[in-house]
Amino acid sequence: MSGDERLLEEARDDYMQETRQMLHQFEQALLELEKQPADIETLNAAFRAAHTIKGSSGLFGYRSIVEFTHAVEAVLDAMRDGKIEVSEAAIATLLRARDEVESMLAEISAGAPDATAAESGLVADILRLRSASAKGDTANEPDTELIAVGSSDPAQRIRGIWHISLRFGSEALRNGFDPLPFIRYLERIGEVCGIATLVDRVPPLEKIDPEGCYLGFEIRLDTDADRSTIEGVFELVLGYCTLHLMPPGSKVEEYVRLLEDGPDPPAGEHNARLGEVLVSVGALTHNEVERLLARQDELRREGKAAPTFGELATTEAKTAPEIVQAAVERQERARSTQRTDETRFIRVPADKLDRLIDLIGELVIAGSGARLIASQAGSPRFLEAAQRIGTLVEAARDGALQLRMVQIGETFGRFHRVVRDQAKALGKEIDLVITGGDTELDKSMVEMIADPLMHLVRNSIDHGLETPLERDAAGKPARGKLALNAFHDSGSIVIEVSDDGRGLDRPRILAKAIERGLVKPGETLADEALDRLIFAPGFSTASVVTDISGRGVGMDVVKRNIEALRGTLQLASTPGKGTTTQIRLPLTLAIIDGFLVGVGDANYIVPLESVVECIEPPANRNVGRDSKTGYIDLRGEVLPYLDLRTLLGPANAKSTARQSTVVVRYGPAKVGLIVDRLLGEYQTVIKPLGSLFSSLRGIAGSTILGSGDVALILDVPALVAHATASSTTARVAATVD
Amino acid sequence: MAGTGAKRNPAQARRSGVHGDVVNSGVVTLDGDFTIYRAAELRGMLAAHIAAGTRQFDLSAVTDFDSAGVQLLAATRASASQKGEQVEFLNAPGCVQQVCSTLGLQAWVHCGRGAV
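Sequences listed follow chains A and B, in order. Under the working numbering, read the first sequence as residues 1 to 737, first letter to last. Under the working numbering, read the second sequence as residues 1 to 116, first letter to last.
Just so you know, these hints were derived from the structure itself, not from any lab. Do not rely on the hints blindly, as some may be mistaken.
Said to hold, decoys possible - Computed list of lysine to aspartate or glutamate pairs in EDC-like fashion (alpha-carbon distance at most 20 angstroms, straight line):
hint: 1; chain 1: A; residue 1: K443; chain 2: A; residue 2: E410
hint: 2; chain 1: A; residue 1: K35; chain 2: A; residue 2: E119
hint: 3; chain 1: B; residue 1: K83; chain 2: A; residue 2: D200
hint: 4; chain 1: A; residue 1: K424; chain 2: A; residue 2: E466
hint: 5; chain 1: A; residue 1: K476; chain 2: A; residue 2: E429
hint: 6; chain 1: B; residue 1: K83; chain 2: A; residue 2: E206
hint: 7; chain 1: A; residue 1: K207; chain 2: B; residue 2: E85
hint: 8; chain 1: A; residue 1: K207; chain 2: A; residue 2: E171
hint: 9; chain 1: A; residue 1: K207; chain 2: B; residue 2: E41
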């Protein structure tokens, strides 16, 4: 790939990312508008998002997207002017439009040179929206969005034509600022398709101050650049001129209003000249100017004080000039904050980050090796230096791993749309409550957790939450609550999906389980065991298989996906009150703080986050049948234990004099691990075991010690599960032997 | 005043060769830099010409042209129009044409037409 092609490729990636972001903002704005239709700020946000998409798509020549977004933009613009009502139907159409743009983007990202044209039914709906108007259109109302001087070429109509209105102050020339280079520079960011130089204010030779400045300009710029780029052209000279910038599709009245800051010649002449200027530059048509002039005459004839052209035009259309001004100011502020945001973040390719983390992993191992040699060499200064290096490496490790963490709130936020759509489809009213959105987890996990979460959410909406009628009958508020929550807990991240619906239907589950032969008739199961039955493959108690869920392929796949991430899934349900599903995932993947223990001749690492305490195993243990497990009295608490020597070590391993018990916990469950030697904390770089060992339960990976020996990393959740396995139907995890 | 060299520099801006030589109302040739640096001087000269009845100016010898120059042309037109008359700017050289083109003022100047 040549340098240019690579550049283009990168630019295209940026475009994809930015456009997806804009689509997200667009959707958010629309969802908010649904709740607050009168919020102009939100409406503007939606407009800006659509406008930005149109602009950048034009830059890459994606005509189909440009054309489609232009129509969408026109609808939003009409909404801003109050010509179209911000109705639920309109918003639904706009949301469909957003989805359509997303699928067009997908086509392009899959390699198509341009997306296929938008679906014609949707386009028809949008155009119908646009032509519907709250107030009747006057006969001569031209289509002012389609202003392109003297051209009806559709391609040209679509590229945005900005209107730039400049008035230079008297000191500009004197201070070395000549308008010419700035205006010439515009040609670099677009095409000047119309310009009028205003010399009305230039006095005759006898009176002119030759070094003063009396010039004004009205410029039509055909460009895909955005507002800040265009304004940026005049940044240096802003102190010596006033600049008004109007985006493509601005209303006639706005143009006219802006021209009202000249000196005051007799009204009629002035206005006529203004009108001419605007016509010559393509901002207005003759019709419009005549209409406004006629209205002005009419008012004058009626004896009313003739308003200025601008006032007149503004009242005719009932647009408040303050709104436009306020919007401009807001955009200004948004842009300045955006600029600071842009400098705060850097985009980094994920594989570069991974390489860095690998490197740090190697550094950790090398550092341990150095520390080992240092202690063997018996040089305290060397040891001290090696330890200092170790501390720094640890800090670097933590920093690098932090880079990969993203907030789960981003993923949670996507569910607003899902919940809205699905609730509507099923005729239910549901509020989505999100807490703990700032909880962080590894980027790779974020992507993999989205699907399971989606299924759980859909289940809740479909099966858990009742219709408003049913809820009313049950004495619950009509609006159901779906909550997404996330928090950290002892080295794991916990994600909860809960609803206040009808809970799991246990009799139904039991019946279905008996039917499928999972449970023997007459057998009694604890509630939790019953709940877990829904994770069996193909299990579904739904009487009606809806389009959304109930096909019975869901929960076991969800469970498997979670387990693939070394996570666990827990259910808690109360009939009539609701259901909570809890997902628990490990926080870090690559490097962990470990606790090194020795069992027999072998070394094992226990993840430090799960270690609660180390104690001496009491002499009187309640040893279980297989001598591998048993129970200890831990200060009055019953603690199950695993004797690792018998569980993991060779059969003839001799017991050493003093054993220790490492108490670990996973979630609420605690287990004691009886080991021979405690060897201290150890920074552990996780090296995955080969696929040969993938079915090994109880071992999560391996690592290389500073001495070069291999240590196996214990899989605490698996060990805990093994030790606390109940003797009823829940299956026991396969042990290592 | 004699010209003092071709460099574009306020101190060395070339000066018009016809200052003070107003004899008739035929075509007057303007030369030198038509920029902010000579604006004051040019104003005086143009005013005198207009007062004397000159209505045609030959720009072929103009060497530089900026917004101040544009303003002077505008002021000249304004002065003439005050008397109900019009002025013509003829034989506009490249530098003038470019500026007029950028600013949409092509109608103000004629390019390459000889004196009428």
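Of the hints given before, which are not true for this structure? Hint 2 alone not satisfied by this model.
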